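Chemist: Chain A is fixed; fit chains B and C with the ligands onto it per the hints.
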Amino acid sequence: MIRFDAVTKRYPDGTVAVDSLELTAASGQITVLVGPSGCGKTTSLRMINRMIEPTSGTIWLDDTDTASMATHELRRQIGYVIQHAGLFPHRTIVDNIATVPFLLGTDKKEARKTALELLERVGLPPHFAKRYPAQLSGGQQQRVGVARALAADPPVMLMDEPFSAVDPVVREQLQDEFLRLQQELGKTIVFVTHDIDEAIKLGDQVAVLRVGGHLAQLASPVELLSRPIDAFVAGFVGRDRGYRALGFTTAGTLSTRGEPTVTLGAAIPKGTDTDTWLLVVDAQQAPQGWLDLGADFTGHETVSDELLYRGGTLATQGGTLRAALDACLSSPSGRGVVVDDGGALIGSVTAREVLELIEARETERQP
Amino acid sequence: MIADVVTWLTDSSHWTDTKFDTGIWTQLLAHLKFVGIALAIALLIALPLGLFIGHTRRWGWLVAGANALRALPTVGVLVLLTVIISPHFQGRTDTGFLIPTEIVLVLLAVPPILSNTYAGVQNVEPGIRDAAFGMGMTGPQVLLRVEFPISLPLIFSGVRSATLQLIATATVASYLPLGGLGRFIYDGLAQQDYPQMIGGGVLVAALALLTDLVLATIQRYVVSRGITRRFSSKQAVPDSRIAAVHETDGAHA
Amino acid sequence: MTVLADSTSSSPLHFAQYFLDHSSEDLRLLWSHTWLSVVPVVIGLLIALPLGWTARRYRWTYPPIISITGLLYTIPSIALFVMVPPLLGLDTLDPLQVPIALTVYSVALLVRVVADGLASVPEDTVQAATALGFRPVERFFKVELPIAVPVIAAGLRVAVVSNVSIVAVAGTIGLSNLGQLFTQGFQLSTPDAYYPPIVLGIVLCVLLAVVLDLAVVGLNRLLTPWRRAVPS
Ligand SMILES: Nc1ncnc2c1ncn2[C@@H]1O[C@H](COP(=O)(O)OP(=O)(O)OP(=O)(O)O)[C@@H](O)[C@H]1O
Ligand SMILES: [Mg+2]
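Residue numbers (our numbering), protein chains in the order written: chain A, 1 to 367; chain B, 1001 to 1253; chain C, 2001 to 2232.
These are calculated hints, taken from the structure and not from any lab test. Source: prediction; values computed, not measured. The reader is advised that the hints may include incorrect statements.
Stated by the list, open to error - Taking beta-carbon pairs under 8 Å as the criterion, some of the chain C residues facing chain B (in silico): (1) Phe2019; (2) Leu2071; (3) Ile2078; (4) Pro2086; (5) Ser2165; (6) Gly2171; (7) Ile2173; (8) Ala2193; (9) Ile2198; (10) Cys2205; (11) Val2206; (12) Leu2214; (13) Val2216.
Unchecked claim - Cβ-Cβ distance ranges computed for the label pairs, FRET-style: (14) A:Ser68 with C:Ser2120: 45 to 53 Å; (15) B:Gly1139 with A:Thr55: 21 to 29 Å; (16) B:Asp1187 with C:Ala2215: 34 to 42 Å.
Note that beta-carbon positions come from the ideal geometry of N, C-alpha and C, so glycine has one too.
If we strip away everything but chain A, and leave its shape as in the complex, we get (with noise of 0.2 Å):
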């Protein structure tokens, strides 16, 4: 557990970045700090590690007071991944990840075998071992610097915008891995972005800072996003946030209708006149798209990949509301495609009948 406890940094030129801060984060939980540019993010989480000395107040890690430590004892407790990764080019990526426990003076042979380990479960080949960080892309690179904070596994990481210099797909998947990771590792962890949408995709709990370092909101994601506390919360966390609230939502078991299907390589069926779109699937019954059966066929005697519409996502049964509903919207035929774990078709369900459980649920919260 991480303490702010009335923590104020003036800066010597007079700029209050962080104004008598309050905020705990929990153990095992990823707390997240946001808020918009110069607001004191990167301030008060650098200050946890005392890169930088609060002016006054306390951070108190568990039950100690973070100022009675000396400081490289309480950074070589601390795991911290910065920006730019910031790997040391003259180390090998093996090295660079066994730095810290080569600091704590581990045994050589040891701390490299741990740094492989590492390596593979931030998702690097184990060859990437003896590379230098120059060789490797920036996405690779800041895998490397989360396994470097991890190498001495210290119970508490700090993370400054990891991900942001890296394009959105590569900044996706390094997301869903470190929340792979935090599942199995289940550290503290304090992290700094500047996009709400990270926040909200990473955070147990997220600390919305306003400038001058103010602590503006803190909640959990679903909170954030249905009750924002002040017109400047709302307006930082942004305007489809009641559609992306959803994405906290299960939507329970959706009962769905059965949908006819006709399986790709099949005979075209000739019209059916009820309804002009059929769903498509393959030999396991995964949905693969929507044949419009008013189209003109001539040439075509099979249902064949180019004569289907794909753009339609689907929902999974017992996933979120905001997927069933988005389900609903971008199919062609109005009626969102359900299926199961193992992606095989389950039915169909409307938008119509998404909102009225969305409604249900609405009602059940507020008596």
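Modeler: This is chains B and C with the ligands only, laid out in the frame that chain A set:
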């Protein structure tokens, strides 16, 4: 003339000492001695100082001051110091000439080593320093384990340029009655023995080239490949396309 | 030496008196020292520009050009002085040996500087210039070279300042320049130290180095007016 120079250089009697003349080997050793002493002193002064100034970012004016020394004419300072110092060392020894020579050589070698060391440490990416401190390295650990190895290429180029200037200027020491390879140049000039004079020039040039080659080789082995980027072709720096492929691989691993 | 110690005081501080006593001779030495310090750098730059451009334009020529010039720069000045005449078939002690050797030096230093300076031009700028329809030669003189000026100027400063000191070395092998003041002082210092010519030589050399350095700085500012427009 070239043929005469070759004859002078290949005449084995010029290489060893005779009753009247000091041979090439002896003068070469003398030359190396001037250079070696000065280089050692300059390293002892400039390396720690440069590391310290670069790391603490204090006393930066010292570097500027040392660089201003470069505007001094070496020969002038050499003569001035000799005129001041040598009268205090009457007698048979060279000390009266050796001390001013070494002072001039050290003055010459300090600025390039100092300013390159300083620049090397100073230019270490702030993110790397930050990460090093953030992981719990102490100040000296950051300096010796991170900043120093990363600055090595620049430090080496400072040391190499200092060494070359030392070899060149140690030649001028023969302008005073001291040994060294410059002896052949100044004696050749005085005796109008031009093959000897030019031969001396060739020897100095060869020594400079050889020394630089040795230092370059040492540098090659001492500086991390991660910094020189001298990677074997098999694991070349990934271009972005290859990197993207690895990225996806990793994600699904 | 024709000059004898006719000043009565041998104090180091009397170098100004010494200068006044021998002003025409000293000015001649200063003038030839200046000439020897400047002209080789200018010629060297004129030779280095096309070489540096080639090293930049045809990448495969970069390693050989840079290593050969690097090798030349490794050779000590005094060795180069005495080696130039036989290599070029000149008389030993030809008056051209020193300027030629210094030019070789300047080329050796500046080729690398020019190549690095051109490399410092952002690729985007080069591409934009090409897209605007500049032909290669035009682009070089109107876009790449002006942008490379600061880097080249930094190299020129090193070249002129070190030249002032190297030229003095040439004085010790008999060329007439400020280096001769040191030879005179050295010879006049037996049995007792006679400082004025030595100090005068050092002072004039330092002044010359500073003035030439400032001249390059000024030229750089003149040629890169856009750099002053940057808000500070
Ligand atoms: N060393 C310093 N001296 C003076 N002011 C500083 C210093 N470091 C930061 N500040 C100021 O403190 C405030 C908070 O800075 P901080 O770096 O914590 O912001 P941040 O929330 O991390 O912003 P960003 O999202 O842009 O990284 C800013 O106004 C900044 O200008
Ligand atoms: Mg920040």
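Chemist: It remains to establish, for every hint, whether it holds in the given structure.
Modeler: Hint check:
no. : hint                                 : result
1   : Phe2019                              : violated (15 Å)
2   : Leu2071                              : holds (7 Å)
3   : Ile2078                              : holds (5 Å)
4   : Pro2086                              : holds (4 Å)
5   : Ser2165                              : holds (5 Å)
6   : Gly2171                              : holds (7 Å)
7   : Ile2173                              : holds (6 Å)
8   : Ala2193                              : holds (5 Å)
9   : Ile2198                              : holds (5 Å)
10  : Cys2205                              : holds (4 Å)
11  : Val2206                              : holds (5 Å)
12  : Leu2214                              : violated (11 Å)
13  : Val2216                              : violated (13 Å)
14  : A:Ser68 with C:Ser2120: 45 to 53 Å   : holds (50 Å)
15  : B:Gly1139 with A:Thr55: 21 to 29 Å   : holds (23 Å)
16  : B:Asp1187 with C:Ala2215: 34 to 42 Å : holds (39 Å)
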